[in-house]
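Those protein sequences? They're chains A and B, same order as listed.
Anchor point for the first sequence: position 183 equals 183 in the numbering used here, and the numbering is continuous, going up by one each time.
Anchor point for the second sequence: position 75 equals 75 in the numbering used here, and the numbering is continuous, going up by one each time.
These aren't lab readings, by the way, just hints derived from the structure by calculation.
Hints are not guaranteed to be accurate.
What the hints assert, rightly or not - Using 20 Å as the maximum straight-line C-alpha spacing, the simulated DMTMM-like pairs for lysine to aspartate or glutamate come out as follows:
hint, chain 1, residue 1, chain 2, residue 2
1, A, Lys132, B, Asp114
2, A, Lys39, B, Asp102
3, A, Lys73, A, Asp174
4, A, Lys39, B, Asp114
5, A, Lys39, A, Glu28
6, A, Lys132, B, Asp52
7, A, Lys132, B, Glu109
8, A, Lys132, B, Asp102
9, A, Lys39, B, Asp101
10, A, Lys73, B, Asp101
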Amino acid sequence: MLATDFMAFHEASRRNGIILSFGGDLSENVLFSLGEVLKLRMQQGATDAAVSKRVFSVFVEQAQNIIRYSADKLVPPGSPAGGLVSAGLIVVGVEGGRFFVACGNEVPGEHVTGLRARLDHIAGLSGDELRKYYRERLRQPADEGSLGGSIGLIEIARRASAPVEYDFQARGDDRCFFCLKAFI
Amino acid sequence: MDRIQIPATSRSPLVDFDFAAGHLLLRGESYPEDAAAFYGPLLRSLRAYLEDGATPLTFDVALSYFNSSSAKALMNLFMPLEDAAQEGRPVTIRWLYAEGDDTIAEAGEDFAADFSHARFEMVQETAA
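Go ahead and model the full structure; you've got the sequences and the hints to work with.
Structure, rendered in C-alpha cells:
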C-alpha cells in the first residue's frame, strides 16, 4: 500500500509537470536550499538564462511571502525576519511549455480584504503600469506589518507572462487559505 | 568613517564601502535572510559619512540578482546620495550589469529615473 500510494503521488506530480514541490515548515535556509536545486534543475534542462532568472525571482518572492505572512508560524511573529519559520506549500512546474510557480498558505481572515484588493489592482495593470507602480512603491515607506519592501507581489506580477492567478478558500475559522500562481 | 568590508556569501553581495577613498561597492547576489539587518548598518554608516564634507563619491552597484526587499534597501541607500548631490557633493552611481541581462539593465533604468542631481551611469560589463 505504502509504495502504491507514494508512487501514485509521485507519478501525479510528474504528470503535472512538477519539478519541485515543498509542503511544510519553510525557513530562509530551506528557501535557499530549494532555490539552489531549482537553479540546478533549470541549468540541466538548458532553460533560457533570462527565463531561469525570472522563475528564480518569483520563487524567492513567493517563498519569502510564506515565511513572512503565513498565519501558521512555527517560530512566532516578532522574531527577526531571518529567523521566521512558517508553514505553506510551494510548487514549481512546467505546464503547456511554460514554467509556473504556485504557493499556498494560511492567512489571518482579517488580512483577506486588503490582500485581495492589492492583488485585484496588480492583476489589472499592464506591463508598463506595473513598472510604474513598482517604482512608486519603491519610493514609499513599507506598509505597516510588512517585513520586506511591500513590493514582492508587484515583482511577481512583473516577472509573470500572464496576469497572476489567486484564490482564497474560507476554512470556517479565523483563517483563510490563500493561493497564488504565476506563469513565467 | 571606517571602511566597511564584508565578503560575499551565496545570497549576499560583497560590500566594500571605502569612505576615505570616496568609493562604495556592492557586487554579487542579494537576497539576504533579513535585508533590513544586512543593509541597515550600511545605511546608517552612509548617512553618518554624508553629514560631513563634500568629497566626491562613486557608488558601484554590480548586482546580478536582488529580491524585492533588497530593491527597497537599495532605494534607501540611493535617496541620501541624491540629497547629498543636491546639496553640492559630486555623486556618481555606476550601475553595472552583464551584457544581455535585460532584467538588471531595466532595474537600473528604473532607479536612474529617480536621480536628477547625482549622476547615474549604466555600465555594461562584458563576460570575462
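Is it true that the CA of A/Lys39 sits at most 20 Å from the CA of B/Asp114?
violated, 33 Å
Hinted pair, alpha-carbon criterion (20 Å max): A/Lys73, A/Asp174. Please report holds or violated.
holds, 15 Å
Verify the proposed pairing of A/Lys132 with B/Asp52, using a straight-line Cα cut of 20 Å.
violated, 35 Å
Are the Cα positions of A/Lys132 and B/Asp114 separated by 20 Å at most?
At roughly 12 Å apart (the allowed maximum being 20 Å), B/Asp114 and A/Lys132 satisfy the hint.
For A/Lys39 and B/Asp101, compute the direct alpha-carbon distance and say whether it is at most 20 Å.
holds, 17 Å
Are the Cα atoms of A/Lys132 and B/Glu109 separated by 20 Å or less?
holds, 12 Å
A/Lys132 and B/Asp102 were given as a pair; does the straight-line alpha-carbon distance stay at or below 20 Å?
Cα-Cα ~17 Å, so holds.
Agreement of A/Lys73 and B/Asp101 with the hint, judged by alpha carbon distance not exceeding 20 Å:
The given pair, whose Cα atoms are some 37 Å apart, is violated under the 20 Å limit.
Distance restraint between A/Lys39 and B/Asp102, which requires alpha-carbon spacing of 20 Å or less:
Distance of about 19 Å is within 20 Å: holds.
Does the structure keep A/Lys39 and A/Glu28 at a Cα separation of 20 Å or less?
holds, 16 Å
Violation of the numbered hints given earlier is confined to hints 4, 6 and 10; the remaining hints are satisfied by the structure.
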